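Protein chains in written order, with full-length UniProt numbering: chain A, 1 to 317; chain B, 1 to 297.
Read the hints as simulated data drawn from the structure, not as lab findings. Any given hint could be a false lead.
So the derived label-pair ranges between C-beta atoms look like this [said to hold, decoys possible]:
hint, chain 1, residue 1, chain 2, residue 2, range
1, B, G70, A, F91, 58 to 66 Å
2, B, R92, A, G298, 23 to 31 Å
3, A, N237, B, F248, 21 to 29 Å
4, A, K314, B, A102, 22 to 30 Å
5, A, I124, B, E73, 40 to 48 Å
6, A, A274, B, E105, 57 to 65 Å
7, A, F7, B, K31, 33 to 41 Å
8, A, D258, B, L25, 48 to 56 Å
Computed from a predicted structure; not experimentally measured. Note that CB positions come from ideal geometry on N, CA and C, so glycine has one too.
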Amino acid sequence: MTTYLDFEKPIAELEGKIAELRHLPNSGDVDIAEEVMRLQDKAHKQIRATYAKLTPWQRVQVARHAERPHAQAYIDRLITDYTPLAGDRAFGEDAAIVGGMGRLQGRSIVVLGQQKGDDTESRIKHNFGMARPEGYRKAQRLMRLADRFKLPVLTLVDTPGAYPGIEAEARGQAEAIASSIETCLGLGVPLVSVVIGEGGSGGALAIASSDRVYMLENSVYSVITPEGCASILWRNNANAQDAAEAMKVTAADLKKLDVIDEVIPEPMGGAHRAPDETIDVVGRVVGEAIAELAKLDGDTLRQRRQDKFLAMGKKGL
Amino acid sequence: MNWLTNFVRPKLRALVARKETPDNLWVKCPKCEQMLFTRDWEANQEVCNHCGHHMRLRPLKRLPHLFDEGKYELHPLPRVNADPLKFRDTKRYDARLKEAQAKAEGTTDALVVASGLMGSRLSIVALLDFGFMGGSMGTAVGEGLVMAADLAVARKAPLIVFSASGGARMQEGILSLMQLTRTTIAVRKVKEAGLPYIVVLTDPTTGGVSASFAMLGDVHIAEPDAIIGFAGPRVIQDTIRQELPPGFQRSEYLLEHGMVDAVVHRHKLRETLIRMVSLFMDPLVVDNRPLAVTSSR
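Given these sequences and hints, build the entire structure.
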């Protein structure tokens, strides 16, 4: 069953009515069939109208939608011969970051993604996509492995942020993120990232200091959650909407700032309404990017990656 | 006029006025609450003369204690797009920034870059200023660190960074986050040139600064009792709803957990830095000590 967001109430009402009519005993009735068609058309138009003018805060909600496809869904659909790899070889295995080897359109790659989980049990297992230091160290291990075998790396970003906890601090969360960024920058192989949901601060950037960074149309990427920003700058996290607006967290704004390379459009009504279609579009875009980047040698890749980030900040809104 | 107006009144005034001046004359140690004579405290590099507590030392106060004969040159930060998002919370960001600059007396953002001789060797020093908008890192700080790295590489000098920051500057949104990558690029340039990159972590170093250049040093030194970590203590407490262990995220805790090489008293920093850099950069020095006499049998 679809979970509707606050602002989707009119859509929920229409789709509710459609479901009711469909469950009527005499649903073979021509009048009812026509009414269903009419309502479906109306719902369609309502979705289109709503999603054509989402506010930044509404996009934050879409980006966090529980039914939005998560990293594992992308891996399952896009990667053949998927071979998961585990552990940081130092402390443990962190299920908040899943990854391994496999083939994208026939090409052997290393894939990594923050996995939020799809139900309560898996959300807890994956810690809601909030990685601990061992997660970032595992990411580094897999990136280095890719470098050694000259395999491109694909990272799928979807996290509220790195996990803030006592043990995470004790094991050096800050160092784990910092060295993960350093590892990204040192790679001599193509590194392509897609923000598929939430790009939460350093925890996201740790695996996204990349040659190409794409964002799905309704994903968000920010230095701090809107709630966090609001509680610091407005001293009230009820101002999260204002913070989402002021911080410029949407894909379209980040493209204008040249912080990301491209926005990947989502099916009407958001990725959660058509997960397979969304994933296929992402697959096509990253496949092309990797094929293009694979022609460049390691030094060129590193140099261009570095130049891209150094050029950021010159352009404002 | 009599002695009352000429003599007693000024004395009375002085008595009253004195109540308004102790701010300048005396400083209270936040740790032991001892009142310290400002002049003594400043001469002591703002370390409590009583309990040894290291208070937050701003860059311009620290610089004279680092370089030979206290002589150094300041390098102004590159000009940047100051308010790229036209950010506004309860106040406009450009107004906040101007206010901070007006109070800062000469520095333009939360970073100061200086060069000078340390142990007769040209050294580049970049210091974050917690007194400037919480030492927060935006484009100007990032650009300043890139400049400092480029200076170090061009002059074949070591780069020493003093960190003090609450994290990324939210008012620059995603561009402040991108400084994590940009400053890491700066660090890589120094490392690739084979030059030492030393970080001195001071109170406090958290958020985006700790998650980038501040944790990537060849060597990490921490001042005693500084708060160093990724998430701030309050965020952690709100998340886990547990008491934090005593000493959590303090320098000594980081030393114990393998995140820093040494906790060094502020008075020993200069000599420690000079010795470390020399060990990296002067692989062989003349050892003038007489050879130990070995007894035959």
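Cross-check of the supplied hints:
no., hint, result
1, G70/B with F91/A: 58 to 66 Å, "violated (45 Å)"
2, R92/B with G298/A: 23 to 31 Å, "violated (45 Å)"
3, N237/A with F248/B: 21 to 29 Å, "holds (24 Å)"
4, K314/A with A102/B: 22 to 30 Å, "holds (26 Å)"
5, I124/A with E73/B: 40 to 48 Å, "violated (56 Å)"
6, A274/A with E105/B: 57 to 65 Å, "holds (58 Å)"
7, F7/A with K31/B: 33 to 41 Å, "violated (51 Å)"
8, D258/A with L25/B: 48 to 56 Å, "holds (52 Å)"
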